[in-house]
Amino acid sequence: AENEPPWGTPCTQLLVFIATPGCDGFPSLDSKENYKLSVSEDSLLLSADAIWGALRGLETFSQLVGRDENGTYYINKTEIVDFPRFPHRGLLLDTSRHYLPLRAILETLDVMAYNKFNVFHWHIVDDPSFPYESLTFPELSKQGAFNAMTHVYTANDVQTVIEYARLRGIRVIAEFDTPGHTLSWGPGAPGLLTPCYLGKDPSGTYGPINPILNSTYQFVTSLFKEVSTVFPDFFLHLGGDEVDFTCWKSNPKIRAFMKEMGFGEDYKKLESFYIQRLLNIISSLGKGYIVWQEVFDNRVKVRPDTIIHVWKENSAPYMEEMANVTKAGYRALLSAPWYLNRISYGQDWMAAYQVEPLKFEGVPEQKDRVIGGEACMWGEYVDVTNLAPRLW
Amino acid sequence: RYYEYMFGQSRRWKRGHRPLGGRAEPELLQLQVVIEARDPGCHSYPHLASSEAYHLTVTEPVAILKADEVWGALRGLETFSQLVHEDDYGSFLVNESEIDDFPRFAHRGILLDTSRHYLPLKSILTNLDAMAFNKFNVLHWHIVDDQSFPYQSIYFPELSDKGAYSYNHIYTPTDVHLVIEYARLRGIRVVPEFDTPGHTQSWGKGQKDLLTPCYSGERPTGSFGPVNPILNTTYDFMTKFYKEISSVFPDAYIHLGGDEVNFDCWKSNPEVKEFMKKQGFGTDYAKLESYYIQKILDIVSSYNKGYVVWQEVFDNKAQLKPDTVVQVWMGNNYAHELSSVTAAGFTAILAAPWYLDYISYGQDWKKYYSVEPLNFPGSEKQKKLLIGGEACLWGEFVDATNLTPRLWPRASAVGERLWSSRNVTDLQDAYERLTNHRCRML
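Protein chains in written order, with our numbering: chain A, 1 to 392; chain B, 393 to 834.
Be aware that a few hints might be false.
[Unchecked claim] Subject to a maximum C-alpha distance of 30 angstroms in a straight line, what follows is the list of computed DSSO-like cross-link-like pairs (lysine-lysine):
1) B:K514 <-> B:K635
2) A:K359 <-> A:K32
3) B:K759 <-> A:K312
4) A:K312 <-> B:K635
Keep in mind that the hints were calculated from the coordinates and are not lab data.
Based on the provided sequences and hints, a complete structural model is requested.
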């Protein structure tokens, strides 16, 4: 023919072959995300062990398709064998400091998929607000949300997020951070938080969860029983960071308890007392857990399969913490250098890019315990009006 | 549009019914707007000396907004719209008030940079709306620079043909008129900046021989520097170009730039060196820069336009007309610069502490709010020469995807600083009003 186009016969089909589909299941830490992509004149073939790999390969394929000046779509001949270096590649969104409407979360999940992220760490509640609508304790969001009608996540909303994420190979790990970061829990759960004292009288303000009452543990058991059912992932994030001891110290009943237990003046022991009981509750519910690094730093007795989330940038170089955590036998997640809420002028993406998660002194077994990391977008200064351009 | 601003966004899901018991509340039926001047100015353009003062009396049954000129009426209308609020039942309320208001500074500007990144028209217009919500009255349009030349010139179409990022990244004459008119209806002046002799890489693509060819030894390197100040063709071009600019942009002022001129290229060029010798400039290239600037200033003056220049033009001792406006932008000890500029008798506008493109973590609006422009050593007469300031959003890292959340509401802090009295400085009070204002702007 006279006007033979420079490219070959048009490709009309991308064949996707999956060894063990499991399309109805949920992604997990052990999911296989490797894939092979083969592009040649006569065939477009994407093959993967599991559906999760097929999703990653599909994303890559979509990025390889180009368009020329005439509007023709084309793809270069290529052979790709790809798999992730780290199995846990997460993004944290904070829906307590500012409520994020569902569409903002779903949009974020889309962009996560474009970037092959596979964990959505949902820091759903915290001091400022409690938007999670609990079936067991409806008062929590009724009293604790910024607005109980407009600034909540219903059971339906949560399921929508989980399914939307699943279809993109993204795990949803919910974080119900305790015993600190719980001020918004107070209004809907009277008696849960520690009343602070000014001398002999209650001051009217509240502190972390009250670790000395049986009612606390009953509450926690019931709430997490619900949370365990609602969120299908094996792991829950239990928080455990930044517990301020001032309120505990001011409360006479707590001081008496400290004496009784022989904790002396070491409130870290009280914190550990609470955390340990919490961890046991979660374990009995058949879930695994991730905790912020303080839980490890304060020597709480945790299960060997606990994942420690390293976030502190200031106190000691975080690579030292990574070394210590993995040396002690625990798996580690790195977030410290990736607090994307801390904006600055210029191309700060470079600093994030240059982080080498395994740059610490340790034996290979230690390095294997680093399962990945998370970019965090804390919400103090972020809501739907600026989330997307700040994060991406 | 103010009707829509006040009543359009009802927050209530459904209009609840107020208990009918107390229907004796006073009702406001009308806002009467009275403009006193013989020529209210509705068909003219705002300018530096426009009157923006207004008097607002809110009382039943009719509220009165009085202003000398239409520009004051616009400011008063904005204030009135901010006073109207909604209660839990969906009723709109306004408190009885008596307000006598006028701006502290006459020049309250926002700088947008459409060269580093093209900004679609929509982005610019949205920004003009936001400016009106904050009583800003000058859009300093830094329209072209090194990276791209999006301004479609009538006399020199090659400039944008060759210099814009693409044909889709252009401001046609219609676009420009739209911006000017949209701004005018909000009492906002559009002051264009065509920055020369530096910051002109994109001009060279469509205008041969405009820029100075750089040399390495005897040979041209192929790269170019600032506008070539020694050629007659340069001034022929500028004469014709500024003729167009003067007629396209109705404001009395044009910003001529004059900042950050790198002398290396000039120093490398043998013809330039020869010229320096002939003129007796020695090795002081600031003199060459001033020689160029002065000729441009004369060209622009001949079109009856006033001009604004960046501080270097003053610092390098060019001969400026007495009514030149000097824009102080360098962060190092800007107070000292303000003293120098005003001591020499020139009008000044302050931008140095308000480079909003320099983002940082946390509530940085507080540091913008805390700036006191008149905190510089000088007499009363000098202080009067500081006519205002500008919040600048340079475009290196800004385009339509992030402009609005990056600029607002941080620029609101600058807006208040420039409009309100010197003693309005309480951060806590400002915080409360700013958070409400932000939600209102959304």
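Against the structure, the hints come out as follows:
Proximity of K514 of chain B to K635 of chain B is assessed by CA-CA distance (about 28 angstroms); at most 30 angstroms being required, the pair is judged to hold. With a C-alpha separation of about 25 angstroms, the suggested pair K359 of chain A and K32 of chain A falls inside the 30 angstroms cut-off, and the hint holds. Note on K759 of chain B and K312 of chain A: the hinted pairing holds, with a Cα-Cα distance of about 27 angstroms set against a maximum of 30 angstroms. For the hint linking K312 of chain A to K635 of chain B, the alpha-carbon distance of about 60 angstroms lies beyond 30 angstroms, and the restraint is violated.
Figure legend: structure checked against the earlier numbered hints; the only hint not met is number 4.
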